[in-house]
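Can you make the complete structure from the sequences, with help from the hints?
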Amino acid sequence: MPQRKQGFGGTETQIRGAAVFFRIAAYTTGVMLLLLVAEMVLKYAFNLIAYAGGTMLRTGEANVFTLAEPGMVVDGFNVSIAVLIVHGWLYVVYLLATFILWSRMRWDLKQLILIALGGVIPFLSFVMEKKVHQQVVAELEKNPQQLRRY
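Start counting the sequence shown at 38; every next residue gets the next number (this note's numbering).
Since the hints were made in silico from the structure, they are not lab data. Treat the hints with care, since some could be wrong.
Unchecked claim - Straight line, CA to CA, 27 Å or less: simulated DSSO-like cross-link-like pairs of lysine-lysine:
id, residue 1, residue 2
1, K168, K147
2, K179, K147
3, K179, K167
Here it is, written out as structure tokens:
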């Protein structure tokens, strides 16, 4: 790790708070990304969609939760679409958490891009969270004199 030429963009409390926010965002985005991958496998490999509630078209039975072909459940809640939407919004939160931590730590643009990619590749957000957390702790311990004190 090269020597820091400039200080941090906040107090230690602000930086640690940004790191916690990033940690939570990374884990939730990672879990939702894994659900999204499972949903895509079901949809494109097996032509199945997850539904909650509604009525099965063929049998007329009430449905609690099922995997069915498109159009085979009437008035059901499409869980697959919900996973897509929730993952998209949580990725936006992940990007916000990444930007806040990046600006507090005053890292270079390459670091921002690498961390942002963590929410796109399955399992990478968990790996990035661990590496980023270790880097934040190491830089804070190595450069305590460069922290803002206000």
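**OP:** Please flag the earlier hints that this structure goes against, numbers listed from lowest up.
**Re:** none
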